[in-house]
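> This is what each chain is made of:
Number of protein chains: 2
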Amino acid sequence: MTSAYQQLTRTFQRLARFGHLSAIAGWDMQTMMPPAGSQARGEALAELSVLQHQILTDSRMEAWLEAAQQEALNDVEQANLLEMRRAWQQAALLPAALVEAKSIAGSRCEHAWRQQRPANDWQGFAANLQEVVRLSREEAEIRAQAAGCSRYDALLDLYEPGMTSAQLDATFGDLLQWLPDLLERVVAKQAAEPVDMPLGPFPVAAQRQLGLQLMKLLGFDFNAGRLDVSAHPFCGGVPEDVRITTRYNENEFVSAMMGVIHETGHACYEQNLPKTWRGQPVALARSTAIHESQSLFFEMQLARSAPFLQHILPLVSAQMGEQPALTPGNFVRLNQRVKRGFIRVDADEVSYPLHVILRYEIERALIGGDIEVEDIPALWDEKMQRYLGLDTQGNYRDGCMQDIHWTDGAFGYFPTYTLGAMYAAQLFQAVRRALPQLDKQIAAGELQPIFDWLSQNIWRHGSRFPTAQLIAQASGEDLNPQHFRRHLEQRYL
Amino acid sequence: MTSAYQQLTRTFQRLARFGHLSAIAGWDMQTMMPPAGSQARGEALAELSVLQHQILTDSRMEAWLEAAQQEALNDVEQANLLEMRRAWQQAALLPAALVEAKSIAGSRCEHAWRQQRPANDWQGFAANLQEVVRLSREEAEIRAQAAGCSRYDALLDLYEPGMTSAQLDATFGDLLQWLPDLLERVVAKQAAEPVDMPLGPFPVAAQRQLGLQLMKLLGFDFNAGRLDVSAHPFCGGVPEDVRITTRYNENEFVSAMMGVIHETGHACYEQNLPKTWRGQPVALARSTAIHESQSLFFEMQLARSAPFLQHILPLVSAQMGEQPALTPGNFVRLNQRVKRGFIRVDADEVSYPLHVILRYEIERALIGGDIEVEDIPALWDEKMQRYLGLDTQGNYRDGCMQDIHWTDGAFGYFPTYTLGAMYAAQLFQAVRRALPQLDKQIAAGELQPIFDWLSQNIWRHGSRFPTAQLIAQASGEDLNPQHFRRHLEQRYL
Ligand SMILES: [Zn+2]
Ligand SMILES: [Zn+2]
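Keeping their order, the protein sequence lines are chains L and W.
With the first letter of the first sequence counted as 1, position 476 gets the number 476 in the numbering used here; the numbers rise by one all the way through.
With the first letter of the second sequence counted as 1, position 357 gets the number 1357 in the numbering used here; the numbers rise by one all the way through.
Any given hint could be a false lead.
[As the list claims (entries may be wrong)] From the derived model, a few chain W residues whose C-beta atoms are all more than 10 angstroms from chain L:
{"#": "1", "residue": "D1028"}
{"#": "2", "residue": "L1048"}
{"#": "3", "residue": "A1087"}
{"#": "4", "residue": "E1193"}
{"#": "5", "residue": "Q1213"}
{"#": "6", "residue": "E1240"}
{"#": "7", "residue": "D1241"}
{"#": "8", "residue": "G1259"}
{"#": "9", "residue": "S1317"}
{"#": "10", "residue": "V1345"}
{"#": "11", "residue": "Q1448"}
[To be verified] Sample of chain L residues lacking proximity to chain W, with all beta carbon distances greater than 12 angstroms (derived):
{"#": "12", "residue": "Q90"}
{"#": "13", "residue": "Q115"}
{"#": "14", "residue": "L135"}
{"#": "15", "residue": "W178"}
{"#": "16", "residue": "D228"}
{"#": "17", "residue": "A434"}
{"#": "18", "residue": "D439"}
{"#": "19", "residue": "K440"}
{"#": "20", "residue": "P466"}
[Said to hold, decoys possible] Per label pair, the in silico range of CB-to-CB distance:
{"#": "21", "chain 1": "L", "residue 1": "R386", "chain 2": "W", "residue 2": "P1203", "range": "57 to 63 angstroms"}
{"#": "22", "chain 1": "L", "residue 1": "H405", "chain 2": "W", "residue 2": "P1095", "range": "49 to 55 angstroms"}
{"#": "23", "chain 1": "L", "residue 1": "A72", "chain 2": "W", "residue 2": "G1124", "range": "44 to 50 angstroms"}
{"#": "24", "chain 1": "W", "residue 1": "T1327", "chain 2": "L", "residue 2": "F222", "range": "32 to 38 angstroms"}
{"#": "25", "chain 1": "L", "residue 1": "A192", "chain 2": "W", "residue 2": "A1205", "range": "46 to 52 angstroms"}
{"#": "26", "chain 1": "L", "residue 1": "Q448", "chain 2": "W", "residue 2": "I1142", "range": "56 to 62 angstroms"}
{"#": "27", "chain 1": "W", "residue 1": "Q1089", "chain 2": "L", "residue 2": "N223", "range": "40 to 46 angstroms"}
{"#": "28", "chain 1": "W", "residue 1": "Q1393", "chain 2": "L", "residue 2": "V229", "range": "49 to 55 angstroms"}
{"#": "29", "chain 1": "W", "residue 1": "A1434", "chain 2": "L", "residue 2": "S49", "range": "43 to 49 angstroms"}
{"#": "30", "chain 1": "W", "residue 1": "A1063", "chain 2": "L", "residue 2": "V229", "range": "46 to 52 angstroms"}
{"#": "31", "chain 1": "W", "residue 1": "P1201", "chain 2": "L", "residue 2": "R10", "range": "49 to 55 angstroms"}
{"#": "32", "chain 1": "W", "residue 1": "A1097", "chain 2": "L", "residue 2": "I55", "range": "22 to 28 angstroms"}
{"#": "33", "chain 1": "L", "residue 1": "I55", "chain 2": "W", "residue 2": "Q1393", "range": "54 to 60 angstroms"}
{"#": "34", "chain 1": "L", "residue 1": "K216", "chain 2": "W", "residue 2": "L1315", "range": "52 to 58 angstroms"}
None of these hints come from the bench; they were simulated from the model.
Glycine included, every Cβ here is placed at the ideal spot set by N, Cα and C.
Kindly generate the complete structure, drawing on both the sequences and the hints.
What follows is the structure, encoded as structure tokens:
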């Protein structure tokens, strides 16, 4: 007889297979597809997503989930069942009409935003965003009722299961105590340390070659993945075949180099997820925040450290040509430059959390119903002034219209960037305790012990443990922003 | 109320969307996928193919097909309904167990063949092939009963609907009357006309550039397609986004050049299929043989003609460097060389049909039960001797083990190559009648009138007409091998 749990594993394996096709067709759309394929691809992917939703919300699913809880399951199976229930609930809670309305409103808002942002057209954008917010509140209300939590917490849980706005308030409140002042001091200090900018052009072929060499150094398995080009860099594909992308600018190579390193962090996590449970939810990455912790571990903790930068400088010089900017001291300063700016995605690791906290405060109030869309610009201006000392009045395009997230109703996503940065710092300290010769090893390019540690403590667990437990097991304590503070102080002061 | 015909069009649109994903994931597997992705990709595509089969054999399908025949349908809709019924019948006739057994036996036979062919291991191969033949006969028997025809004709119909072995016997019989003798004379004539071989190396980048230029000349729409590399060249993707491939050898550029032109013929057919009926069976290419007629029209009729070769020689010289072999006379001789050989895929257009007829005669007898697998080598040797004057005794690897088709049970496919060649010759003569200045136009690179004619007479019709009608409308007569004969005589004697 087939147990309910077996019915579920079969169903989720089927879903994983369709997810595989969706991931590859989605990657192709961003990297390979010629323009005329766009409409047919969109329709094909939408058809697949309808099918995936049908399978996940099949009428037998609830009974299987109930019955499986009575079956004899080992620890991993129980963790898998928990993830199955999460996936089912996420899909099944919302009425189909709301899902469709949200998808249409999101597409419309995003599509129009692509023109409205360059045109600085806040009024036009606000009209579409209102509809997205209205539907996101509806979604949040339904999820909140089911989970017995606040609206915003219900959305947050989609990206970082178990996280609450109470914990974020505490953690981000801690950061706000010391980060603006730290930023001030770092900027003042660096004002006295001029940086030579590398002189291009830097041919795409050389940049790609350097990217591939760095991926190799960082343990990327080319037997199970690729590097390509797309307008917006991402890490896609499936754990068996991870596809990362970057974009090249021949005038400047550091962005693509660090972008490749960042995506390689995401990729190594994917490539080293547990193989035995493949196709099951428990084998998937833990959460958006843990994913980002791995990319930021690679980029911020490891790759922007002086020992790592000194180790790779010969590779960089070989591809880009020796020049005054590519001396050890200047190369480190170049990659550790801190600068207040309007744009989140261009921000360094010191100012980045302030961009995130600003958005978190606004979106939490927006979903909670404390503010409306028309209140956003004034709040944005005020917070940018307070946290970053910048004037954004009237500059919507580089202010509250700069991100894609809200256009699609992805409220609750922003905090994961800074959670990831804090997890990364905390994990790196744990690695440092485990490897007393860490800096020497990094300077010598002996990175395998680091990857072994990450594999042992994070990668191989997939979604087996809740985030809090995963972090506590790996680092010996709960999320603690003091590790992030210490990291910033030691690197920048 | 939704009519039965509307139910059907919805179902087939859904199938087309899933087919889109299958085509792109299949293309990716051949061109982009790293090795470790192979198993997961195979499983994902198999899951999709199970789904497609389920949709196509849905229990309501037969009733819809019956009911739609009573509904008021226009000509195109009626043609579409006919194609729907064909597709349904192809999928629904066979018991699921047979489909699965055939798929397993085919995979096993093909997989082992990849080792057995280089090892010249006929005995090992024969054991697997017997099982494939047994299951193919079973399939043929079921299809033959339903269609009221012979077993072999039932399989032939899968690749060239409406074609029969009676017509093939007549047509191929005609060819056998004059082709071996013609081949003899051409070989003798060319013995007195030495050819200079181009001296390489020919860098891949230059070969790719030439390929792209020729695709452009031949009307390929790069807004709706791509050129990539794969081990076995093919034309894949979907009409909105056609993906052709080639492979490069730096010692020799003509094969890749002609390969690209061949696949461009397939691609232009796909890109110019009717847009109004997109997603419906009637909008698809007519048949395997008509598809091949378009690639052979491009490659054999057009591109190996002296005016075309003279027109492209400057492009070729610009990429490959001027050299004695790239003078007008030699370049034509090089591309019109006829040579008896063991290998079908390397054959010129004069000897190619003899390779096909040999296979046709063997596979027809095999499916009919007149011979068994162990009889194949002796028959192969005898026919190779008779048709091509070559001794293949004991050389299975370059004899009856050289092709992949039988390993997968694709009996009935081979004749479409030569049907395609004959259709191509017949259509080219029709173009010549329509365009009295044809050779001058080709020599001047004015090819648009040819594409317009093909679009008007073949491409835009999709599967609206049966092949025989399509050919008769386009050329004014039924399939007539004399056009092929005249073409060969005029070019080679
Ligand atoms: Zn990231
Ligand atoms: Zn072909």
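> What hint numbers does the structure not satisfy?
Checked against the structure, the hints that fail are numbers 1, 2, 6, 7, 16, 24, 34, while the rest are satisfied.
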